Amino acid sequence: MTNRILGLILIITTVILLIHFDLGDSQKKCPALILGLILLAAYCFGSLLEKTGLPRIVGYILAGLFMGPFFLNLYSLQEVYSLAFINKLALAFIAFCAGGELRTSNLRKVLKSIVYYVSGVTTVVFIGTTLIVFLLSGAMPFMNDFSLILRLAVSAIFGTIAVARSPSSAIAIISETKAKGRYTDIVLSVSVAMDVFIIMLFAVVISLVQLFIVGKGGLNFVLIFSLLFQITVAFLLGFLLGKLIVFLIEKIHVEFPVVIIAMGFIVIEFSHLLGDYLHRVFDMNLELEPLLICMAAGFTVQNFSKHGDNFLERMDRISLPIYIAFFAMTGASINLNVLRTGWFLGLAVFSVRLVSIYVGSFISGKLAKNKPKIYKNVWLGFITQAGVSLGLLTEVTRRFPEIGPSVQTILVAAIIMNQIIGPIAFKYGLKKVGETHVKRSP
Amino acid sequence: MKLLITIITITIIALIGSRLTFLNRKLPLGFRNIIFTGTEYIFIGVFLGKMGLNMIDPEILTSLEPFLFFGLSWIGFLFGLQFDFKSLRNLPKLFFSISAIQAFLTFLAVTPVIFFSLKTFSTLPERTVLILSFALGSASVCTAQSALAIVSNNYRFKNRKLFSLLHYIAGIDGIFALALFALTFFIFPLSGNIKFNLMHSLKWLLLAVTIGIITALIFIILSRVKFSQQEFIVFILGTVLFGGGLAMKTNNSPLLIGFICGLITANLCRHRLRALEMMAYSERSIYIIMLVIIGAGWKLDSNFILIITGFYFLSRLLAKLAGVFAATRSFKSDFHVPWNTGLGLLSEGGFAIAIIISFSLFYPSLSDYMVTVVIISMILNEFISPKLILSLLEDPNPIDFREQPDITKKNK
Chain A
5 MTNRILGLIL
15 IITTVILLIH
25 FDLGDSQKKC
35 PALILGLILL
45 AAYCFGSLLE
55 KTGLPRIVGY
65 ILAGLFMGPF
75 FLNLYSLQEV
85 YSLAFINKLA
95 LAFIAFCAGG
105 ELRTSNLRKV
115 LKSIVYYVSG
125 VTTVVFIGTT
135 LIVFLLSGAM
145 PFMNDFSLIL
155 RLAVSAIFGT
165 IAVARSPSSA
175 IAIISETKAK
185 GRYTDIVLSV
195 SVAMDVFIIM
205 LFAVVISLVQ
215 LFIVGKGGLN
225 FVLIFSLLFQ
235 ITVAFLLGFL
245 LGKLIVFLIE
255 KIHVEFPVVI
265 IAMGFIVIEF
275 SHLLGDYLHR
285 VFDMNLELEP
295 LLICMAAGFT
305 VQNFSKHGDN
315 FLERMDRISL
325 PIYIAFFAMT
335 GASINLNVLR
345 TGWFLGLAVF
355 SVRLVSIYVG
365 SFISGKLAKN
375 KPKIYKNVWL
385 GFITQAGVSL
395 GLLTEVTRRF
405 PEIGPSVQTI
415 LVAAIIMNQI
425 IGPIAFKYGL
435 KKVGETHVKR
445 SP
Chain B
138 MKLLITIITI
148 TIIALIGSRL
158 TFLNRKLPLG
168 FRNIIFTGTE
178 YIFIGVFLGK
188 MGLNMIDPEI
198 LTSLEPFLFF
208 GLSWIGFLFG
218 LQFDFKSLRN
228 LPKLFFSISA
238 IQAFLTFLAV
248 TPVIFFSLKT
258 FSTLPERTVL
268 ILSFALGSAS
278 VCTAQSALAI
288 VSNNYRFKNR
298 KLFSLLHYIA
308 GIDGIFALAL
318 FALTFFIFPL
328 SGNIKFNLMH
338 SLKWLLLAVT
348 IGIITALIFI
358 ILSRVKFSQQ
368 EFIVFILGTV
378 LFGGGLAMKT
388 NNSPLLIGFI
398 CGLITANLCR
408 HRLRALEMMA
418 YSERSIYIIM
428 LVIIGAGWKL
438 DSNFILIITG
448 FYFLSRLLAK
458 LAGVFAATRS
468 FKSDFHVPWN
478 TGLGLLSEGG
488 FAIAIIISFS
498 LFYPSLSDYM
508 VTVVIISMIL
518 NEFISPKLIL
528 SLLEDPNPID
538 FREQPDITKK
548 NK
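If you're matching them up, the sequences are chains A and B in order. The first sequence begins at 5 in our numbering and counts up by one. The second sequence begins at 138 in our numbering and counts up by one.
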């Protein structure tokens, strides 16, 4: 512990002295320095926090936040954004791992539970959050002049985003705690399935809200069909990518974690570029979900080859720096100004979501005839929220500039709370059901 | 889109390269050595860069600059890790003296030749000529072990002691090259028009040493308690990035800082070998990417530089020859050292490239000159080196690989 504290002091003091004595070129952007600082300092902070029983990833997030512009100011938000490609790489890596963790043999055992949890939790969280936000809409200044129906429509946006989960946080906690078992499988599978489901739900809600806010449109079947098509294509491409990875493993014996991360990056960039191209040239809003492609690829390697465990083991070897960088940068990107303005309503949304998740998962678990140990604790694994929710929020802001920023302020505040509380709750849940530090089968 | 294609291309090259850059026994020795040192990746870079398809254009090269800082910091760290004083003390002092003398004589011979030839054949300003001479002088000192490895992997020979001497010099003279490289930075401040200022230079050196020490201390402190393999990767990656980043921020050399960090770690950290093994494992991919980048940025547009290359090649050859001759005649050895032993030290290899990339980062306007000289000379040297080494060794006989057990089958 002393070594970690010493290390942390040395790292941070070095950068503070560098800035204070103006030893470097203050104008020069140094992504390598920020990345190195984040990796080492967040690692130390995460290790120290682990001693208190909290998950390391909370330490990474907090370290990123403390070193950022709102506390120590060791880097600016712009500098963090300049490292966005690291986030992309990390997300691709996490998506590959998430897909790889899904074993059909395990999924078959928990399929019924997955269906119940996805439908049950989604319904309760969506309705619960929408309803409470609707009731609180009087306290939200931006909705003062809205009609009741419009308020309900906007509340539905809150409800939709509340449904989103964070498979990345879930997979990081599973990796950190070496968890394995039925509870772990359910949380991970539901988080991943929800990632697909939320896109569909979002499309339906958005087209309905558009009808009320902009006054045009309706249930946009073309949009829904196009989304279904995108998801199918994403799965198909993911399957092909998975097969390519299997080929690389079998024939070329590559150092594949590095290659796979690069592939993931390429998939993400390619999806965005293809989306832009189709939009520009054919006016088509078709954007392949790159993370789905990566997940499907990981799933293919795990379930359609004999290299699944080997794949996961090798990916696991390099996972730590990726998780540290990803979560520390997530922390570094937290805008505390948003939290300051939106914390009260954010807290309300956070609380409603928490209660809804508990109720939804309790009922779903009972209906699925899970053991009480599972259905009483599974909600703890569904709290985490991160990338997908923020991505959907950006889309809301883009589509509805008149309400977007206000919705964003409240929801970002709620997401920040979920980001911090979620991993702690999940780790606690895993410990409670006794699925941590299980030796994986060879 | 261009960046995406570049990434795809470099990834594929590194992927295939890290697998295929091995000995092909059917090729002549010189070609094998060129392939072994990865020189061909420079040409892939040339093909993709400004002299070829311009896929890796100057904008992309600028965005890849942080990678060069990272890569150089990695190479410096790895190089420094090899200098564990306890092990070095066990090696003969004679070898060290011969290495040092030949290194400094090479520098003292090549630098003035380059200076006067540049003065004669180019119209470059005097300061530029001086920097180029010093930079090329320090790069000329480096000797790679690749040609020696090729020979020892393919031939049986008698005079093992001579071979050990060559191997030792090739392993250690990078440290002298690095010292001379640091001297160049010390004499010529990094900002274009600044004249020599002792305080400025001392500040630069002090900063490099301090950063090197701090990064080493961070690594040592973190690795003092029990850690997993995953955590060790974080320590290495974090330290290298942190050191490289600090170098970039303070206009310092990542190679030098990395070396200082590695040197201290090698002597104070008990996980030296583990770090060495882990870093050496990934070095090849990093090196290949750096070669592609350096090739991509290379532009040959001045004819005089070809003349300079000729002078560089010849003066280096003669300097190595004379340097080893002088050194071995000054210190008597208990085995026969032929007068032309210096010919066994022509292989230039990766460290010279690392030095040149380091210079290029801070003196970008001189990059093309330095790269041209070193690349062309390196190709020539890698090509002739194995044959020259063979000519030095007594009674070399090719190993008949049909006699050897098939290791790959055994491993399977």
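Read the hints as simulated data drawn from the structure, not as lab findings. The reader is advised that the hints may include incorrect statements.
Cross-link-like lysine-lysine pairs, in silico, DSSO-like; alpha carbons within 30 Å at most [claimed, not checked]: (1) LYS55(A) / LYS363(B); (2) LYS182(A) / LYS363(B); (3) LYS363(B) / LYS32(A); (4) LYS184(A) / LYS363(B); (5) LYS32(A) / LYS187(B); (6) LYS436(B) / LYS436(A); (7) LYS33(A) / LYS340(B); (8) LYS375(A) / LYS184(A); (9) LYS55(A) / LYS116(A); (10) LYS435(A) / LYS363(B); (11) LYS32(A) / LYS436(B).
Because the structure is a prediction, the values reported are computed rather than measured.
Checked hints:
no.	hint	result
1	LYS55(A) / LYS363(B)	holds, 14 Å
2	LYS182(A) / LYS363(B)	holds, 18 Å
3	LYS363(B) / LYS32(A)	violated, 37 Å
4	LYS184(A) / LYS363(B)	holds, 24 Å
5	LYS32(A) / LYS187(B)	holds, 26 Å
6	LYS436(B) / LYS436(A)	violated, 64 Å
7	LYS33(A) / LYS340(B)	holds, 22 Å
8	LYS375(A) / LYS184(A)	holds, 16 Å
9	LYS55(A) / LYS116(A)	violated, 37 Å
10	LYS435(A) / LYS363(B)	holds, 23 Å
11	LYS32(A) / LYS436(B)	holds, 26 Å
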